[in-house]
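Numbering (numbering that gives the first Met the number 0), first residue to last: 0 to 187.
Hint data in this document are derived by calculation from the structure and do not stem from the laboratory. Hints are supplied without guarantee of correctness; some may be wrong.
To be verified - If you anchor each label on the Cβ, the simulated ranges turn out as follows: (1) 159 x 55: 27 to 33 Å; (2) 84 x 124: 20 to 26 Å; (3) 151 x 179: 30 to 36 Å; (4) 7 x 178: 21 to 27 Å; (5) 80 x 31: 23 to 29 Å; (6) 174 x 134: 25 to 31 Å.
Unchecked claim - Using 25 Å as the maximum straight-line C-alpha spacing, the simulated SDA-like pairs for lysine to any residue come out as follows: (7) 55 x 101; (8) 55 x 106; (9) 147 x 136; (10) 152 x 55; (11) 101 x 172.
No experiment lies behind these values; they were computed from the predicted model shown. Cβ atoms here follow ideal geometry from the backbone N, Cα and C, with glycine treated the same way.
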Amino acid sequence: MKSKDILFPVPSALVVSGVGTDNNIITIAWIGIVGSNPPAIGISLHKNRYSLSLIKQTQEFTVNIPRQSDYEKVDYCGMVSGKNTNKFNDTGFTRMDGCKVKIPIIKECPFNIECRVLQEVDLLDYMLVIGEILEVSIDTDCLDDNKKVSVAKVDPLVYIPTIREYWSVGQKLADSFKIGKYVPSAYS
Numbered sequence: 000m001k002s003k004d005i006l007f008p009v010p011s012a013l014v015v016s017g018v019g020t021d022n023n024i025i026t027i028a029w030i031g032i033v034g035s036n037p038p039a040i041g042i043s044l045h046k047n048r049y050s051l052s053l054i055k056q057t058q059e060f061t062v063n064i065p066r067q068s069d070y071e072k073v074d075y076c077g078m079v080s081g082k083n084t085n086k087f088n089d090t091g092f093t094r095m096d097g098c099k100v101k102i103p104i105i106k107e108c109p110f111n112i113e114c115r116v117l118q119e120v121d122l123l124d125y126m127l128v129i130g131e132i133l134e135v136s137i138d139t140d141c142l143d144d145n146k147k148v149s150v151a152k153v154d155p156l157v158y159i160p161t162i163r164e165y166w167s168v169g170q171k172l173a174d175s176f177k178i179g180k181y182v183p184s185a186y187s
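I would like the entire structure built from these sequences, with the hints used as guidance.
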């Protein structure tokens with residue numbers, strides 16, 4: 000297979016940009032953690048996106064992870080430009096003040112990340128925006144009895160870019176950084 004932009008599954012993240020009533024929501028699948036010190040996340044946006052212009056103005060954005068039940072709203076936010084449309088009004092999503100940035104988080108999303116732009120990397124038609132993670136919040140009803148994140152309770156929506164499908168997350172298989180200790184020596 001020739002070189003292609005294939006990686007799956009990926010989060011279906013809702014990125015909010017802009018302040019006041021000029022907020023916009025864009026669905027981003029090209030997203031990921033890019034560093035731990037400082038904690039950083041990267042999002043890739045086409046240079047003609049309205050959201051990119053808003054991020055450049057404020058140097059802040061939020062990343063909001065929706066539940067799989069919101070797949071129709073998530074798809075809408077990725078298909079419609081925010082230049083002439085208020086996606087908060089159209090979808091019924093609720094703005095909620097963040098703790099560290101002026102950009103709102105989405106109340107209906109159980110997992111939210113507040114970011115300040117660290118760097119922009121020019122990728123021809125795209126701009127990779129690297130944001131320092133300033134605050135992470137998760138709904139308390141998405142924690143288990145040990146106060147750890149319960150992926151089943153978050154119920155995140157994921158996207159498969161190559162076939163353009165939304166999926167929910169499957170079942171837990173094992174604990175990472177533990178199960179590998181039991182691999183037979185024949186594999187080492």
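Quick rundown of the hints versus the structure:
no., hint, in the structure
1, 159 x 55: 27 to 33 Å, "holds, 30 Å"
2, 84 x 124: 20 to 26 Å, "holds, 23 Å"
3, 151 x 179: 30 to 36 Å, "violated, 23 Å"
4, 7 x 178: 21 to 27 Å, "holds, 23 Å"
5, 80 x 31: 23 to 29 Å, "holds, 24 Å"
6, 174 x 134: 25 to 31 Å, "holds, 27 Å"
7, 55 x 101, "holds, 14 Å"
8, 55 x 106, "holds, 24 Å"
9, 147 x 136, "holds, 12 Å"
10, 152 x 55, "violated, 34 Å"
11, 101 x 172, "violated, 39 Å"
Checked against the numbered hints above, the structure violates hints 3, 10 and 11; every other hint is satisfied.
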